[in-house]
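S.K.: As a plain string of letters, each chain reads:
Protein chains: 2
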Amino acid sequence: MTNIPALEKISSNKVFEGHLEKYKFKSNALGGLDTQFNIFIPRASNGSKVPVLIYLAGLTCTEDNGAQKGGFFTPAASQGIAILFPDTSPRGAGIEGENDDWDFGTGAGFYLDATNPKYSKHYNMATYITEELPKVVEAAGLPIDFSRQSIFGHSMGGHGALTLYLASKTKQYRSASAFAPISNPSKCPWGEKAFKGYLSGGVEEALAKYDATELIAKATDPLHILIDYGTSDDFYKKGQLLPENFLKTARDAGYDEVQVRVRRHEGYDHSYYFISTFASDHIHFHANFLKA
Amino acid sequence: MTNIPALEKISSNKVFEGHLEKYKFKSNALGGLDTQFNIFIPRASNGSKVPVLIYLAGLTCTEDNGAQKGGFFTPAASQGIAILFPDTSPRGAGIEGENDDWDFGTGAGFYLDATNPKYSKHYNMATYITEELPKVVEAAGLPIDFSRQSIFGHSMGGHGALTLYLASKTKQYRSASAFAPISNPSKCPWGEKAFKGYLSGGVEEALAKYDATELIAKATDPLHILIDYGTSDDFYKKGQLLPENFLKTARDAGYDEVQVRVRRHEGYDHSYYFISTFASDHIHFHANFLKA
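Residue numbers (the numbering used here), protein chains in the order written: chain A, 116 to 407; chain B, 116 to 407.
One should not assume that every hint holds.
One copy or two, it doesn't matter: identical chains are merged, so the pair holds either way.
Unchecked claim - In the EDC-like style, the derived pairs of lysine to aspartate or glutamate whose C-alpha atoms are separated by at most 20 angstroms in a straight line are:
1) Lys308 x Glu136
2) Lys124 x Asp349
3) Lys137 x Asp349
4) Lys406 x Asp349
5) Lys137 x Asp367
6) Lys286 x Asp179
7) Lys308 x Asp215
8) Lys302 x Asp367
In case anyone wonders, no lab produced these hints; they're calculated from the structure. Source: prediction; values computed, not measured.
In isolation and in its complexed conformation, chain A is listed as follows (with noise of 0.2 angstroms):
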């Protein structure tokens, strides 16, 4: 009846109590390509669900770095809350040139569908986060609790959570976070390269969904959002980041600081220490939604 992919486990590591899995299927949203994710369960699951945390990685990451360094599990692991860590894009597909920069294509797929029909086969992440991948988790058993999902994530990882979030219609997560965010991409290089490469109507086409600074502008629902960033940051230095824009854009819109905090930090910068320095912070915020 269904045509939902079967997962193949890879592996399995104890940590904290819970465990780290890692599975791979063909993915539809992919075009069917072979995509790989890791999910840490607590142990608190118990065989009863709990609900979960989608964290998206950064530009040239996989489902690894953030189960790796994030230093998420302490407290996940005591809150109770999975974590599903997906890949950052399609692996193989084959098109020409998708393996040139480290700033698009493998490694880079910025959380959207693409409608260029050079990518639109495969760079399909934003349907893969939010459609296949619950359902193909759910599918085979896994006690994770689609109902209660929040999402976080890094750089471009915090790009696709923020727009995931705000774009939803559904109201599908609870909560959104991010560190280091590109908060505004129609407004800064990675993001112009990213939409005219995967979008066939370029930046133009990604300010409805893909903008987390535009989307924010037009919102009315109650929202629940934490953002981190470094001072030292060199990305966030070079324009990448834009995070002001995104905070005045988000208090013009009526939101104040309980529902979209912005928190700016003297001297960190994009690396995963940064990251495993708030990580509890997140974790805590997430839980307070997750577990209402």
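With the hints as your guide, set chain B onto chain A.
M.R.: Chain B in isolation, oriented as in the chain A frame:
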């Protein structure tokens, strides 16, 4: 007057309100080769000197693995303890065959001083860790109090931590701990291969200095040792670690579980996921002695 090599700073990342700094220098102990290390300096130092924990990594690792994946900084920051992460071997010695195996040569220095002339110019990790590195760090003016040192490590680095602790005639380290250590290397394939290669006297030569089980059999001083290992650790199952030998010998030598604690954990493996799970326990164990 002195001939202490100068440090060159490679990078600095703010983490948990302290800093992780990476340096390199030309090491005399390693035959004049460049070597790198990381050091976490907690904010608590604030200019005044802090105690230090040396972390010795395992086979194939560098100074980065523990820093990136160990999960040590949350507890180290709260306890005000520095962590020093050396590399696992000299690099680039140019010795024939040095890069052929993952468990010997580059990335596999075994924390000993080689006596085989083929290796004895460069492979002197014991002298490097116990003598040169503290001197170099101190001479550079970093705020570390080397009169308060303890040592820990993983796998081959657990072997290093236990043997350097037990063999020290000066009681250089206040305590030692290890994750999945090679505990009786003269009786396992990894250790036999290393000793036959690095030592002109082979395994026999290693017994007096480089085998933790042999060393504890003759120990008489009060000891502070903590060891954790997992039952799903493939290297444990293959007989590379032999923690039971160490434990039995320690008990036979009169050490009770207050002085030598060996914990067996159901289902954990050899990975950094295992290490990160018990990282906090180890930091707090050492804090008892470093801050006494």
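S.K.: Which earlier hints can't be squared with this structure?
M.R.: Hints 1, 4, 5 and 6 not satisfied by this model.
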